[in-house]
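Construct the complete structure from the given sequences, taking the supplied hints into account.
There are 2 protein chains.
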Amino acid sequence: MRFELSKDFLELLRSKIEEQDLLWINENLLGLHFADIAEILDKLSNDEAKYIYFQLEEEVQADVLMELEEEVRDRFLASLSSKEIADQLENLDSDDAADILGDLSDEKIQEVISHMEDDEAAEDIVDLLNYDEDTAGGLMQKEFIQAKLDWPVDRCLVELRRQAEDVEKVYTIYVVDDLNKLVGVLSLKRLLFASPKTKIIDLYQGKNIISVKTSDDSEDVAKVMEKYDLVSVPVVDLQNKLVGRITLDDVVDVIKEEADKDFQLASGISERIESTFSVWRITRARIPWLIIAMLGGTLGAQVIANFEVGITQIPALAFFIPLITAMGGNVGVQSSAIVVQSLAKGNDQFGSIMQKLSKEALVALVNGLILSSIIFGIAYYFENSTLGLVVSISLFTVIVFAAIFGTLIPLVLNHYKIDPALATGPFVTTLNDIVGLFIYFTIGMLLYQI
Amino acid sequence: MRFELSKDFLELLRSKIEEQDLLWINENLLGLHFADIAEILDKLSNDEAKYIYFQLEEEVQADVLMELEEEVRDRFLASLSSKEIADQLENLDSDDAADILGDLSDEKIQEVISHMEDDEAAEDIVDLLNYDEDTAGGLMQKEFIQAKLDWPVDRCLVELRRQAEDVEKVYTIYVVDDLNKLVGVLSLKRLLFASPKTKIIDLYQGKNIISVKTSDDSEDVAKVMEKYDLVSVPVVDLQNKLVGRITLDDVVDVIKEEADKDFQLASGISERIESTFSVWRITRARIPWLIIAMLGGTLGAQVIANFEVGITQIPALAFFIPLITAMGGNVGVQSSAIVVQSLAKGNDQFGSIMQKLSKEALVALVNGLILSSIIFGIAYYFENSTLGLVVSISLFTVIVFAAIFGTLIPLVLNHYKIDPALATGPFVTTLNDIVGLFIYFTIGMLLYQI
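These protein sequence lines are chains A and B, in that order.
Going by this note's numbering, the first sequence opens with residue 1, and the numbers climb by one from there.
Going by this note's numbering, the second sequence opens with residue 1001, and the numbers climb by one from there.
Simulated from the structure, these hints should not be mistaken for laboratory data.
Watch out, some of these pointers could steer you wrong.
[Stated by the list, open to error] EDC-like, lysine to aspartate or glutamate: derived pairs with alpha carbons at most 20 angstroms apart:
#1 A/Lys223 / B/Glu1111
#2 A/Lys227 / A/Glu258
#3 A/Lys213 / A/Asp177
#4 B/Lys1189 / A/Glu117
Note that the coordinates shown come from a computational prediction; the quantities given were computed from them, not determined experimentally.
Here you go:
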């Protein structure tokens, strides 16, 4: 039932584009779902994509445009004239249109806007351009359906019919008072089954209305929509006047991007990058962390150099350096990950730091006991019981320290409004390496009485 | 406008519960949004929560129950009789009811079901229990609205009014033929604005209908809903008969859980755990990875032991062990993370492995060149130019190898249907440690001519 893009189809399509075989294209491509068409255009050259794009119906064009991969869309738009871009914008939802314009230069934006025929739509878009893209204002669209408190159902239906032309998906009708302040919501289902003369004021739900402010952070919008199970949320200004709405599908993108960002931060990548980006852009996002890790490694080298006499006398001490650093790193990352996720869920207003720390320390004690008993046997086999003791006592100490650091660092970062996911990255690993080496060699020198 | 839970409020509430001050509770608590009430109950003792819960209206009870944290809900349900649980289930959507029952023993399920008064609802729930919870069948609900092709709009409205009583949120009406096979969809908006005698067959949209099969994996459902921007998706059986629907809010949970799981896998935690779990459960989820890392560290110790003569003669070689292993680990994790994410996006049918590898190798070359020139200076400062050469050549080699492993391993795991996020965890780090040490000491022995 669903379309599956194959290499063969793509090759065939390419040859048909070259032959300008519109009959074939019409039959095999233009009837597909817009998301599938976008997926196909993503794989074509810009000229090929443009050829197909302008065969599509206007409505479908808008949908396809928004589904294209960002890089493909940027390239595509760059090859259009201001007039052509303006034509595309007319068919888009205001939030999508603003997103597209937002990527252009101010000069180009003015040019495009001047070519738009629908003044009201142009005004909406220009208004949306004022909001930071990471806020509710940046996410919202101007297309929504509203009803006034004193309308009867039949008048409401007439008004809605008029309004609904611009609104693709209707989930909820927002009810406003005479000052355009949001006072409640009304489900389409409720309206559908009410008698024509009933007034909205007797139908609408005015209790526990969840709305967001234009300046709210987009991550907070996502949290609110998740918490309250909303499919769309009304956006109000500082005076509680209704100015837009945000739909869950836009917020799903925010949720995914946030998860991607956390995953990348934890993997030591400093910007949101995709595998399609240029070598230089990928390098730039990755090298800062590597430099930090390298400086950490240099500090580690300095620690070991300070204990050079230990290595000269007992070379076997060097054998377990990677084990100690690896374990410190792994335990630290585990501890941070748990804290980062519980912070991300926002369910930690009441979990005191001491409570978290003591639990984490307890887990570390259990893990430390199990692992250090195993490693005693291994190190004993490598050299002798002194090395066994050194490695197992150090490992135990390092695990406990790493767990404590791993827990504290994200909490501290979060306190200073820095993304705690940073902690699960090379940061905590590097710190634990250095501390771990220091603990290991200090215990080694003590037990070997060097 | 939105409720913010504070410590003070919670303390006050506790004392009011003790005093059984229903007036205060009514005024300050029972009117809140169900999600806020659930948040409050999460923080109370089971007895306190139960007291509040049974003051709530029946409809609100169901909503609150589904919003409780899993552990709190399990504890709460365990303290109810089968009859009481059955009463709660009557007010829940079928998918939520099935989720709750699914956690109970078979015996308890039978008991609860036998207490349910609504036979049809009970049947729906029992049916849903048959599906694996990670499939579309496990996600779907039996509450949806359907219309037959040959109905006129007015009959459709009458039928919908009847059906809609059970359906909390209506987004789309599913259109079926006489055999109950899904043939299309109809938006409520469209129905609302049609004339009474128009037939559904002339209104509905039958092209490009996206549906999922009961056996589809829940992650695939999430991908489909994202790709096609759906707020709800119909679920069909093997004969294309309509059996349920899945709404986006349930899928958002799947998306979040998937992201959490990836993040935890990458952090070396083997089950989905939460910070509220018991020490033992957290330990159990974490220790397998630590043991793998420790065995890796032991292999690393063996590698170094084989080069013991090198360390005896040039103790400074030991200084840079942590740097080499840390850099290998970090580069490997970065490379894996990018591959894992591009695999998760599912946009890689056409990206050939060779293409990915060569790009990753190119990035590694650039990073390697920059970093190994810096480290040459540092190692030179520590000892002499020979050590400088050893460390910088090894670092360069290790970075390139780590990038290649980091790219290949998730691709291989994915090929064998193993979650590629495993690769970004301790797995790739450990492997890179061992390979890195081997490269480092081999080059060291060569250049120092030991």
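Is A/Lys227 within 20 angstroms of A/Glu258, Cα to Cα? holds (17 angstroms)
Does A/Glu117 lie within 20 angstroms of B/Lys1189 when you go C-alpha to C-alpha? violated (27 angstroms)
Between A/Lys223 and B/Glu1111, does the CA-CA distance stay at or below 20 angstroms? Violated, at roughly 37 angstroms.
Taken at face value, is the distance from the CA of A/Asp177 to the CA of A/Lys213 at most 20 angstroms? holds (18 angstroms)
In summary, the structure is inconsistent with hints 1, 4 from the numbered list given earlier, while agreeing with the others.
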